[in-house]
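The task is simple: from the sequences and hints, build the whole structure.
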Amino acid sequence: MELTFYIAAAVATLATILTITRYNIIHALLYLVVSFLAVAVVFFTLGAPFMAALEIIIYAGAIVVLIIFVIMMLNLTHEDVDKEKEWLTPRVWVGPAILSLVLLAELAYIILAPDTQPTEALVAVDARLVGMSLYGPYMLGVQLCGILLMAGIVGAYHLGRQKKKVVHRFLQPKEERSAAI
Amino acid sequence: MTPAHMEAALMLAGVLFMLGLISVLIRRNIIFMLISVEIMLNAAGLAFIVAGSKWVQPDGQVMFIFILTMAAAEVSVGLALILQIYHQLKTLDSDAANLMKG
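Top to bottom, those sequences are chains A and H. Going by this note's numbering, the first residue of the first sequence is number 1, and it counts up by one from there. Going by this note's numbering, the first residue of the second sequence is number 182, and it counts up by one from there.
Everything labelled a hint here was simulated from the structure, so no lab data went into it. Please note that the accuracy of each hint is not assured.
Calculated lysine to any residue pairs in the SDA-like style (CA-CA distance at most 20 Å, straight line) [claimed, not checked]: (1) 271(H) <-> 161(A); (2) 235(H) <-> 128(A); (3) 271(H) <-> 160(A); (4) 271(H) <-> 24(A); (5) 235(H) <-> 195(H); (6) 271(H) <-> 162(A); (7) 235(H) <-> 186(H); (8) 271(H) <-> 209(H); (9) 271(H) <-> 210(H); (10) 271(H) <-> 68(A); (11) 235(H) <-> 124(A); (12) 235(H) <-> 6(A); (13) 235(H) <-> 271(H); (14) 271(H) <-> 258(H); (15) 271(H) <-> 23(A).
As the structure is a computational prediction, the values presented were derived from the model and not from experiment.
In structure tokens, the structure reads:
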């Protein structure tokens, strides 16, 4: 378990360094997903398996997919197939693939290895305790999180709406009017 | 859970947070700055998990769930702002958005 933790920590640090030094956003997102997966392995070794699952589902799943959607929306105007083809050369994905394979080997080791000394090393805080605490003393925090999420939804809708500028054609500037006609 | 393991996990949280902070400071692409904020929030959550694991209490994981919720709300509003900035300024350079009145 110790060695697993140190390898996952090294993978997380390396993937984060590679994330913040990329020039292409998609390459950075590939490394970012690997970094989140490695941090999830660290959570697992720290005895928080439910949080590891949440990290993968929400961070590596939902948030990264949201960023990818926005990147796709931004590139709608000048869509370039050659650029996308250039993005997906083996030189691009071999780095994240190797780092993910290290994590996969760790996972296989944890599952397949005989139980060596799990008794004294790891005291897991299971999801049941977290749920009891979340809906017990932290009830106010849960309700505040609900309010925050609703504010986020309303804010994202309000900000993301495309404001249509409806202007009479006589009031438009010269060049736009000629373009419209 | 050995103490050395715990200190190494806290060090990892610190290193990840510093990497995110450096990236916020040096990158000018606004999407990269948002990604860096995500890295920093993730590192803060890691520190909470480490503390909760040290004292075998669920409070650290509860705080991580709150951080997760906050990160989801923050990234949705931030991406909507990025879309607005891109439609207004036609660039992702954060230095271009230095005027309050667009």
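Contradicted hints - numbers only: 13
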